[in-house]
Amino acid sequence: MAEFLGNFTERDMRDAECLELRFSATSIPLRQRWRNNGLSADFLSDYVICFFPGEDTDSAGRREAAKSAVSYIANELLENAMKFTHAPSEYPVTIGMHLDRNQLRFYVTNSVDPEAEKDLKAMIRRLLTEDTDELFIKQLESSGEGRGSGSGLGYLTMINDYGAELAWKFEPYEGDSRVMKVTTLVKLPI
Amino acid sequence: MEIIQKDYQIRYDPHASTVICSGSFRLTGDEYASITEILNAAADAKPCELTLDVTALQFLNSSGIHTLSKFVLRVRGHNTTRVTVRGSSKYPWQHKSLVNLERLLPGLRLELE
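Residue numbers (numbering that gives the first Met the number 0), protein chains in the order written: chain X, 0 to 189; chain F, 0 to 112.
The set of hints was computed from the structure by calculation and includes no laboratory data. Heads up, the beta-carbon is just placed ideally off N, CA and C, and yes, glycines get one too. A portion of the hints provided could be inaccurate.
Quick look at which bits of chain F chain X covers, simulated, 3 or more residues with Cβ under 8 Å [as the list claims (entries may be wrong)]:
no.: 1; stretch: 61-72
no.: 2; stretch: 83-96
no.: 3; stretch: 99-108
Per label pair, the in silico range of CB-to-CB distance [unchecked claim]:
no.: 4; chain 1: F; residue 1: THR79; chain 2: X; residue 2: ASP130; range: 29 to 37 Å
no.: 5; chain 1: X; residue 1: LYS82; chain 2: F; residue 2: VAL98; range: 22 to 30 Å
no.: 6; chain 1: X; residue 1: THR8; chain 2: F; residue 2: GLN8; range: 36 to 44 Å
no.: 7; chain 1: X; residue 1: ILE136; chain 2: F; residue 2: ALA55; range: 26 to 34 Å
Starting from the given sequences, assemble the full structure and let the hints guide the process.
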C-alpha cells in the first residue's frame, strides 16, 4: 500500500521523451561514486538542451537556464539518493527524466533505511506545509549556530530558486518487508 | 591559504581580503571542512571589507550553499566586516541562489557582472 506526500503524478512510460538511468548504490564506496553524480547530472542537462532549439538570444537564454536547472536538480537528487539509500538491501538507485511541453519531471527511486524513514517524512511534511522561504533561512541560521545539519536545503533550493514542485511516494518492495522504496518527484516548469 | 584540485579551487588572499572560489563544488558535506577552514580564516581576520569572488564558480551543490551561508553568518556574528560577493551572470544558478546571502547578512553587496 503506497503512501503519497504532496501532489504525486505517476510516471507515464508513454511520454514522448524520457530517459532513465540506473545505478548500483553499493558496488563501490560512496566517495568514489560521488563524482558520477555530477557526470550523470551533466549528461541529463546536456541531453535536455536538444529540446530547446533556436539561435536567437531568448532561446539561448532559455537553454542555458534549463541546462543549469537540470544539472542542479539532478545532482541534488542523486546525492540524496546515494547518501540515504539503505546499502545492506542493495536495491538500485534510478533517476528518470520525462519531458512534457511545459514541464520536466524527475523521478528518483531509492531504498530508505527504516530508522531514517520517520525523520524523512517529518522533513517532507515541513517542506509541504511551511513557508519555504522562511524555512530555508531558519535551516541555515540554526545550522550556522550548530543546532542543525542544514537538512533539506537541496529540496528548499529547488522549490525557492527554481520554482519546482516536489512530491514523494513511499511503498514496500515486492516480497521484502525490510525496507521501503521512496520515489522523489520533482516537477520543473520550463 | 589555498586548495587546488582538478575540479575546484579556493584561494584566500589576506592582503586583498579576498576569497576566490572557482570550478565546480560538488563535495560531500564532510569534504567541505577544509574549505570551511579557509573561509573561517578570512572571516576571523575581521577586515573592514571582505570580497568573496565566485565569478568563475560554475556549480555549487546544496552542501556548498550551506558552507557559503555559514561563512556569511560567521561574518555577521563578528559584526565588523562589510562583504561584497562578486559573481557572474554567465552562470544562471548564481542569479537564483546568491541572493539568499543578502538575506542572511543585510548590507552584503552582490555584484553580478
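Violations among the numbered hints, reported as their numbers in ascending order: The structure conflicts with no hint, since it agrees with every one listed earlier.
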